Amino acid sequence: MSTDTFTTIVQTAFDAVAKGVNGQASGPMHLQRVAALNAFTKQGIPTTRHEEWKYTNVMPFIGLPFSSERHEGTTDPLTIDDISQSSSGLHEALEGGWTVAIINGRYEQNLSSVPQHVPGLTIEALTDELVATDSAVRTALGSLAPIDLHPFVAVNAALTHQGVVIRLDANITLERTIHIAIVNDVRQQDTLATPRILVLAGARSSVDIVESHHTIGSFTALDISVAECVLRPECAVRYTKIVDAVPNSTLKNISSIAASVEHGSRFTSFAVSLGASFVRNDLLVRLIEPASETYLYGASVLGGSEYADNHTVVDHAVHHCHSEELYKGLYDGSSIGVFNGKIFVRPQAQKTTAYQSNHTILLSDKAQVNAKPQLEIWADDVKCSHGATSGQLNEEAIFYLRSRGIDADKARALMTYAFVAEVLEHMDHDALRLHCEQRIATKLGAEPFAP
Amino acid sequence: MAQESAILDEVVQSDYKYGFTTDIEQDLLPKGLTADVVRFISEKKEEPEWMLAWRLKAYEQWLSMKEPTWPNVTYPKIDFQEIIYWASPKKKEGPASLDEVDPELLATFVKLGIPIEEQKFLTGVAVDVVLDSVSVKTTFQDKLEELGIIFCPMSEAIREHPELVKKYIGSVVPTNDNFYAALNSAVFSDGSFVYIPKGVRCPIELSTYFRINARNTGQFERTLIIADEGSYVSYLEGCTAPQRDENQLHAAVVELVAHADAEIKYSTVQNWYPGDKEGKGGIYNFVTKRGICEGARSKISWTQVETGSAITWKYPSVILKGDHSIGEFYSVAVTNHMQQADTGTKMMHIGKHTRSRIVSKGISAGLSQNSYRGLVKVLKVATGARNYSQCDSLLIGDQCGAHTFPYLEVANKTATVEHEATTSKIGEDILFYCNQRGIDTESAVALIVNGYAREVLNQLPMEFAVEAQKLLAISLEGSVG
Numbered sequence: 001m002s003t004d005t006f007t008t009i010v011q012t013a014f015d016a017v018a019k020g021v022n023g024q025a026s027g028p029m030h031l032q033r034v035a036a037l038n039a040f041t042k043q044g045i046p047t048t049r050h051e052e053w054k055y056t057n058v059m060p061f062i063g064l065p066f067s068s069e070r071h072e073g074t075t076d077p078l079t080i081d082d083i084s085q086s087s088s089g090l091h092e093a094l095e096g097g098w099t100v101a102i103i104n105g106r107y108e109q110n111l112s113s114v115p116q117h118v119p120g121l122t123i124e125a126l127t128d129e130l131v132a133t134d135s136a137v138r139t140a141l142g143s144l145a146p147i148d149l150h151p152f153v154a155v156n157a158a159l160t161h162q163g164v165v166i167r168l169d170a171n172i173t174l175e176r177t178i179h180i181a182i183v184n185d186v187r188q189q190d191t192l193a194t195p196r197i198l199v200l201a202g203a204r205s206s207v208d209i210v211e212s213h214h215t216i217g218s219f220t221a222l223d224i225s226v227a228e229c230v231l232r233p234e235c236a237v238r239y240t241k242i243v244d245a246v247p248n249s250t251l252k253n254i255s256s257i258a259a260s261v262e263h264g265s266r267f268t269s270f271a272v273s274l275g276a277s278f279v280r281n282d283l284l285v286r287l288i289e290p291a292s293e294t295y296l297y298g299a300s301v302l303g304g305s306e307y308a309d310n311h312t313v314v315d316h317a318v319h320h321c322h323s324e325e326l327y328k329g330l331y332d333g334s335s336i337g338v339f340n341g342k343i344f345v346r347p348q349a350q351k352t353t354a355y356q357s358n359h360t361i362l363l364s365d366k367a368q369v370n371a372k373p374q375l376e377i378w379a380d381d382v383k384c385s386h387g388a389t390s391g392q393l394n395e396e397a398i399f400y401l402r403s404r405g406i407d408a409d410k411a412r413a414l415m416t417y418a419f420v421a422e423v424l425e426h427m428d429h430d431a432l433r434l435h436c437e438q439r440i441a442t443k444l445g446a447e448p449f450a451p
Numbered sequence: 001m002a003q004e005s006a007i008l009d010e011v012v013q014s015d016y017k018y019g020f021t022t023d024i025e026q027d028l029l030p031k032g033l034t035a036d037v038v039r040f041i042s043e044k045k046e047e048p049e050w051m052l053a054w055r056l057k058a059y060e061q062w063l064s065m066k067e068p069t070w071p072n073v074t075y076p077k078i079d080f081q082e083i084i085y086w087a088s089p090k091k092k093e094g095p096a097s098l099d100e101v102d103p104e105l106l107a108t109f110v111k112l113g114i115p116i117e118e119q120k121f122l123t124g125v126a127v128d129v130v131l132d133s134v135s136v137k138t139t140f141q142d143k144l145e146e147l148g149i150i151f152c153p154m155s156e157a158i159r160e161h162p163e164l165v166k167k168y169i170g171s172v173v174p175t176n177d178n179f180y181a182a183l184n185s186a187v188f189s190d191g192s193f194v195y196i197p198k199g200v201r202c203p204i205e206l207s208t209y210f211r212i213n214a215r216n217t218g219q220f221e222r223t224l225i226i227a228d229e230g231s232y233v234s235y236l237e238g239c240t241a242p243q244r245d246e247n248q249l250h251a252a253v254v255e256l257v258a259h260a261d262a263e264i265k266y267s268t269v270q271n272w273y274p275g276d277k278e279g280k281g282g283i284y285n286f287v288t289k290r291g292i293c294e295g296a297r298s299k300i301s302w303t304q305v306e307t308g309s310a311i312t313w314k315y316p317s318v319i320l321k322g323d324h325s326i327g328e329f330y331s332v333a334v335t336n337h338m339q340q341a342d343t344g345t346k347m348m349h350i351g352k353h354t355r356s357r358i359v360s361k362g363i364s365a366g367l368s369q370n371s372y373r374g375l376v377k378v379l380k381v382a383t384g385a386r387n388y389s390q391c392d393s394l395l396i397g398d399q400c401g402a403h404t405f406p407y408l409e410v411a412n413k414t415a416t417v418e419h420e421a422t423t424s425k426i427g428e429d430i431l432f433y434c435n436q437r438g439i440d441t442e443s444a445v446a447l448i449v450n451g452y453a454r455e456v457l458n459q460l461p462m463e464f465a466v467e468a469q470k471l472l473a474i475s476l477e478g479s480v481g
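Chains as they are written, first to last, in the working numbering: chain A, 1 to 451; chain B, 1 to 481.
By construction, these hints were calculated from the structure, which means they are not laboratory data. For clarity, every value in this text was computed on a predicted model and none was experimentally measured. Every residue, glycine too, gets a C-beta built ideally from N, C-alpha and C. Fair warning: there could be bad hints in the mix.
Estimated spans, in silico, between C-beta atoms of each pair [unchecked claim]:
1. A:S113 / B:Y452: 56 to 62 Å
2. B:F80 / A:N38: 33 to 39 Å
3. B:Y388 / A:H426: 23 to 29 Å
4. B:Y388 / A:D428: 32 to 38 Å
5. A:T47 / B:D79: 48 to 54 Å
6. B:T416 / A:D381: 33 to 39 Å
7. A:D428 / B:D429: 32 to 38 Å
Here chain B stands alone, though its shape is the one from the complex (with noise of 0.2 Å):
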C-alpha cells in the first residue's frame, strides 16, 4: 500500500516536459476582436469577397450567442477581448526546402522528439506544419498531386480551390453552430483542407502537427476533410505545446464528408500544456468537430488520445445520413494535477442501417475531473439503427472525480442501442496478484492502465500508437511503462 501511494505521489508530481517557446519573430494584431479585426484578417490572407461575408456573418451571430456554461468544468471568465487574433511568423523568403524553414522551429521539432525530416524521410508521413497561424512547410505535395488529392492550407485552398470551400465550409458545423463555432468561423487563421477524388485511397497517412506558439494568441484552426465516393483516408492531428503561465484559448472547427463509399479516420493526439501542478496555465481546448456521412456506406472514424490541456471540451461527432453508414468514436483522456477534461461524442442516426460504436476510457488522477457526455440519437426514420457505448473510468488516487453523463434518444422500435459504464480503482487484489506473480507494483500499474486503454490504442495508426503510448507515460509518469 505504501509502495502504490509513493507510484501515485510521483504521478501526482511529475512535470510537463514538452515546456519549452520557440523564439520565431512575429507579428501581432493588438488585442482584441472587432469586424475591423475580421476584415483585417481576411485581407492579409488575399481571401475573396464571399469569404469575408462569411466570416462577418459568423462575427454577426457570434456577437448575438452566449458562453456556454452547461460544460462539466470551470475557468476564470474568458474576456474575448484580450486575446490577439492574429500572429503570423514574419515573412521571410518562403522556405523551399527544409534547410530555409527558420532553425529554431527545426529545433522545436527535435526536442518533441518528431524531428521533421524523420517524419518527411523515414516513415512516409506528409506533415503540413501550422506553426501558431500559417502553415510553413507542406511536404509531399507532389506525390499527392499526382493522384489528384488536395492537402493543403486553408488559406491556400480558399484561393485555389474556392468551389470546393465555398461548397463545404460551414455545411457540417454552420457558423451558428455554437459559440466557439461562431468565433472560429469569424477569425480562424488557418488549417488544413483535404480533397480525395473518388475511388483515390490516400496512400500515405496526413499529419498536421499543431504548435500554440505565440503569447496570448488564441489559436483558431479551421479543417476541412472531403473523401468523394469510394475514397479513403486517415488524417492524424498531434499537438504538443510550450509551456506558459497564461491561459490560451484553443477553439478550432473541423468538418469530414465522407461520400457514398468512403472513409475517413481521423486520429488525434492532444498534448497540450496542461497547467502546473496548481492549476496554473495550460490551454483551453474548446473545439468542435464533426464529421458527416454523407453517401451510403460511408464510414467515419474518430480515435482521440486527450492527455493535455488545462480543459478539454470537445465532442467529435458523427451524422450518420447516408444508409448503412458508420459511426466510431475511440477515446483515451488522461487528466491529472488539475486538469478537466469534458468530452464524448454525438452519434446522429438518421439513415438505415447506421451503425455506430462508442468506446471511451477516461483515466482521471490527481485533482482532475473527467467527464464522459454523449449522445445516441435514433430519429423515426432510422430503421435498423444499431449502437453500442462503453464508457469506462478508472480512478487513481481519491481526490479526482469522474462522471459519466449519456444521452439515449430512441425514436424508432428496430433500433438496438446499448450503453455501459463502469467506474472502479485498480484494484488491491489485481496488484496482488501481480505482486505475488512477481512483477513489482509499479509495472502492475503500468500494465493494468496499458491493458485499459489497449482498445483505443489499438485503433491508431502505428506511428501514432507509438507516440500516444508516450504520451501517456508521460501524463503518468511513474505508473505507466
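Chain A on its own, in the form it takes in the complex (with noise of 0.2 Å):
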C-alpha cells in the first residue's frame, strides 16, 4: 500500500528529526511534534471520498520513495545562482528584494541575502529553542493552521524544522519585498521537504511578501508547505504565492496559507500558478476583529498534466468585515483546475460583506474544471454572493480582433491574456505584475501590453 510507504517515510523523518532536537526533546515545539504525529496517523491520507479532497487525488505520487535526508557531498552544493535558475526570472524581477532561501523544507542562511540591521525587521531560523524563549512565536505557532486542519498540516508540524520567522515591528513599513525562496533539491532522489513560514506583523506595519517554489533536479519534490501570518491592527500584509517552475518540473505542492486578521488590517493574497505537476493550495483567512478586510486573488495559468487545486476559507468571525475574492483560471492541454471557495459568517457576523467570483476557460477538450463556492451564512444582516462560470472565448471578438489584422492565433493569445490580466491589475507591486504578465504571455504566446 502506498499509503502505509508514505505514513513510513513520516516516522523515519520524524525519527531524524527527533534525534537532532538535543536537550529540546520536552520543548514546546517537540511537544507540538509529536501531537503533530499522532494527528497525522488519527486522520490518514486523505482519498477522494474525503469532501475537501473529492478532486484532489494525492495517491499517484504518495507511495514513491521520499526522502528527507540530505546526502552532503555527493551533488555540489546549492548556490545563490542555482536559485536564481530555478525561479524562472522571478529572482531577478524582485531585484532589490531580500532572499530566504528554504532548501528542501530548512532556512538556509548562507543563500539567503537577509539583511542584518534593518530596525523593526527580524528575520530569524525557527528552532527549537526559539519556541521555548519567545512566547510571541510560541502562541502563534501552529494557531492559525492547526494539526487537525488537514492531515498535511500535520506531516508539516511533526517534521517543522528550521522553518523561518519573519517579525515586523509596530509602525514599520517596508519598502523592499521580502522573497521566501523555497527550493526543492531533486537531483539525487525523491524528496519529501516541510517548509515552515511564521510572519509576525506589528499594528501599522506594511510588508510585500513573496513565496515562490522551485525545483533543481529530475526526480519528484513532495513540498508541503505550511506559512502562518498574524496581522496585528491597522497593519497590511500582501502575500503572493507564485508557483512557476522550470518546465517539465515534478514538483507536487500542498501548500496552507492561514492568516488572522485584526481591527482595522488588510490581507491580500495572490496565489499564482502557473507551472508545476501538482498545486494544491489551501488558503484561510480568518476577520478576527471588526474592521478586517482581506482580498484574495488568484490566477492559474495550466497546460500539459499540470493541476492546480485553490481551497480558500474566508471565516467571517465578528461584525463589520470585508472580503472579496477573485480566481481565474485557463487550462489547456489535459490539466485540471480546481476551485473550492468557502465564505463562512458566523452568527455575530452581523453587517458582513463578502463577495466571490471564480471563472474559467477550457482551452482543450482534455481539460477539466471543478469549481464549488460555497457560502456558509448564519448571520442574518449580510450581503454575500459568489459567482462562478465555466466558459469558451468570445468567438465574436476574437473575429473583431481578426478583422484588425490580427491571425487567429495572436488573437487567441491575446483574449485569454487578457481574461487573467484582470486578476493582475489588482496587484500593487510594479515588478511583481510585470513579471507574472510577461511570465503569462510567454505560457500563451502572447505578448504583453506595455503598462
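Put the complex together from the two separate chains, hints included.
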C-alpha cells in the first residue's frame, strides 16, 4: 500500500528530526511535533472520498520513495545562482528585495540575502530554542494552521525543523520585498520537504512577501509547506504565492497559508500557479476583529497534465468585515483546475459583506474544471454573493481582432491573456505584476501590453 | 424596526394549520423490517414473482448500505426496526363512486380546502388519492383511457402492465442508488404509474395527493412516469399531513423517463407537518427524484415549493442523455422554526447541446437551516452544453442559516456554465421605501417575499400556483399576503 509507504517515510523523517533536537525533547516545539505525528496517524492520507479532497488525488505520487535526508557531498552544494535560475526569472524581477532561501524545507542563511540591521525587521530560523524562549512565536505557531486542519498540515508540523520567522515591529513599512524562495533539490532522489513560515506583522506595519516554489533536478519533490501570518491592528500584508517551476518540473506542492486579521488590517493574497505538476493551495483567512478585510486573488494558467487546486476559506468571525475574492483559470492540454471557495459567516458577524467570483476558460478538449463556490451563512444582516462560470473565448471578439488584421492564434492568445491579466491588475507591486504578466504571456504565446 | 420585529415574531409564532388526523381503520403489520415483511407486502399486493425477486434484491442491497451522513442536517438516529412498513385502510367494498368513500376521508379533503368533488368537477384535475399506502380512488380514468394514457396506482400497473413496469422500474434510480432508494425499492407500498403513448398530449394535469396518515408508518411511495415519443404530460404532486408528535419517515422514489421530443413537467407542493416550534415531531422527507431525458429534444422540468417537513433532503435531478434535451429545476424552499432543508438538483449533461436551468430560492426564518446543494456535471462528450444556475437565499431573523454548496464539474471546453448565488435579508431601505409610499411593513414584506419567489411560482400550473401561494402564506404567516 502506497499510504503505508508514506506513513513509514513520515515516521522515519520524524525520528531523524527527533534525534537532532538535543535537549529540547520536552520543549514546546517537539511536543507539538509529537502531537502532530499522532494527528497525522489518526487522520491518515485523504482519499477522494473525503469531501475536502474530492477532486484532489494524491495517490498517484504519495507512494514514491521520498526521503527527507540530505546526503552532503554527493552533489555540488547549491549556490545563489542555482536558486535564481530555478525561479524562472522571479529572482531577478525582485532585484533589490531580500531573499530568504529555504532548501528542502530548511532555512539556509548562507544562501539568503537577509539584512542584519534593518530597524524593526528580524528574520530568523524557527528553532526549538526560539519557540521555547519566545512567547510570541510559541503562541502563534500552529494557532492559525492547527494540526487537525488537514493531514498534510500535521505532516508539516511533525517534521518542522529550521523554518523561518519573519517579524515586523509596529509602525514599520518595508519598501523592499521579502522573497521566500522555497527550493527543492531533487538532483539525487525523490524528496519530501516541509517548509514552515511564520509572519508576525506588528500594528500599523506594511510588507510585501512573495513565496515561490521551485525544483532543481529531475526527481520528484513533495513540498508540503505551511505559512502562518498574524496581522495585528491596522497593518497591511500582501502575500503572493507563486508556483512557476522550470519546464517538466516534478514539483508536487501541498501548501497551506493561514492568516488572522485584526482590527482595521488588510490581508491581500495572490495565488499564481503557472507551472508545476501538482499544486494544492489551502488558504484560510480569519477576520477576527471588526473592520478587518481581506482580498484574495488567484490566477492559474495550466497546460500539459498539470493540476492546480485552490481551496479558500474566508471566516467572518465578527461584525463589519469585508472580503473579496477573484479567481481565474485557463486550462489547456489535459490539465485539471479546481476551485473550492468557502465563505463562512458566523452568527455574530452581522453587517458582513463578502463577494466571491471564479471564472474559467477551458482551452482544450481534455482539460477539466471543478468548481465549488460555497456560502455558509449564519447571520442575517449580510450581503454575500458568489458567481462561478466556465466557458470559452468570445468568438465575436476574436473575429473583431481578426478583422483588425491580427491573426487567429495571436487573437486567441491576446484574449486569453486579457482574461487572466484582469486578476493581476489588482497587484500593487509593479515589478511583481510585470513579471507575472510576462510569464503568463510567454506561456500563452501572447505579448503583454506595455503598462 | 419595532414593527418589523413584531411581524417577525408573529411569523415565528405561527402554528401549523393543517394539523388533524383522519380516523380510518387500518391494517398494520408489526414494526420492523425483515425479508418476510418484504414477502408479506409483495404477497398482499398480489405481485408477480419477478417483482418479489426485485424487492428482495433491493432489500439485500439495503442491508449492506450505510445511512448517509453528508447532508447538512441533524436529527436523531432513525431506528429502521421501529417503523411499520405496511399500513392500509381496511378493505371495505371497493368504492365505485364518491358516496362509498369513507366520509372521514372526504372530510379530510374538505379541511384541506381541496374537496375531491371540486377537484373532479370544477378544475378538471384527475386525482389519484393515496391515503397512506393504498390508492383509494382514481378519477377520470375513462377519459384518459380513450387516449391510451395509463394513469393508475403502481400496484395495479404491476399487475396490468408488467412489461412496462419491468422495463422501466429502477432504470433511472437503481435499487442500489442510495440507502433510502434501496429501502424504498424493498418495501414501497404504492404510488402512481403514468404512461403517455406516442404523440399524445395529456389533456389534463394529472395529480396525486399524498397523505401520511397512520401513526409510525413510513410512507414509501414509488412513482414512475413514462412519456413516449412526442408526448407531453404535466404531473402535480401535493402533500399535507396531520399533526403528530413522533417523527415520521418518508422515503419516496420518483422516476421520470422522457423519450424523443417528449416533455414531462413535474410540480410539487410539499407541506407536511414540520414539527412544532420546539422542533418536536415533523416529517423526515428523504426523497430520491430523478428523470432521464432519454431521447433527443426531450425535456424534463421539476418545480417544487417546499414549505413543510421537519427535514427535507431531496435533489430532483435530470440526466440529459438525448441530444438537445433540456432539464429545468425551479424551487422555493421555506424553512421556519426548527426546520432543516438540504435540497437542490443534479444536472448531468451527456448529450450534445443539452441545456439546463436552475433557479432556487431559499427563505429561512426562525431557527431553521436552509441549504442548497447542486451539481452541474458536463461530461467530455457533451459538446455545446449550456447551464445557468441561480440560487438566492433570503434570511428572516438573525438565528437562521442559509448555505449553498454548488458543484460545477466541466470536462468539455465548449460548455458554458454559469452559477450565481446571493444571500441577503430584506433590506431596511427597501422596507423604508415601501413605507414611504404608504405601504405598511406587513404588506411590504409580503410584497418582497412574493416578488422574490415569483420566478418559481410562475412555473407552477394555475391550480397549483394558488395553493402554493397559500402555503407560503401559512409558512411565513404574518409576513406574506
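Hints versus structure:
no.	hint	verdict
1	A:S113 / B:Y452: 56 to 62 Å	holds (59 Å)
2	B:F80 / A:N38: 33 to 39 Å	holds (36 Å)
3	B:Y388 / A:H426: 23 to 29 Å	holds (27 Å)
4	B:Y388 / A:D428: 32 to 38 Å	holds (35 Å)
5	A:T47 / B:D79: 48 to 54 Å	violated (31 Å)
6	B:T416 / A:D381: 33 to 39 Å	holds (35 Å)
7	A:D428 / B:D429: 32 to 38 Å	holds (34 Å)
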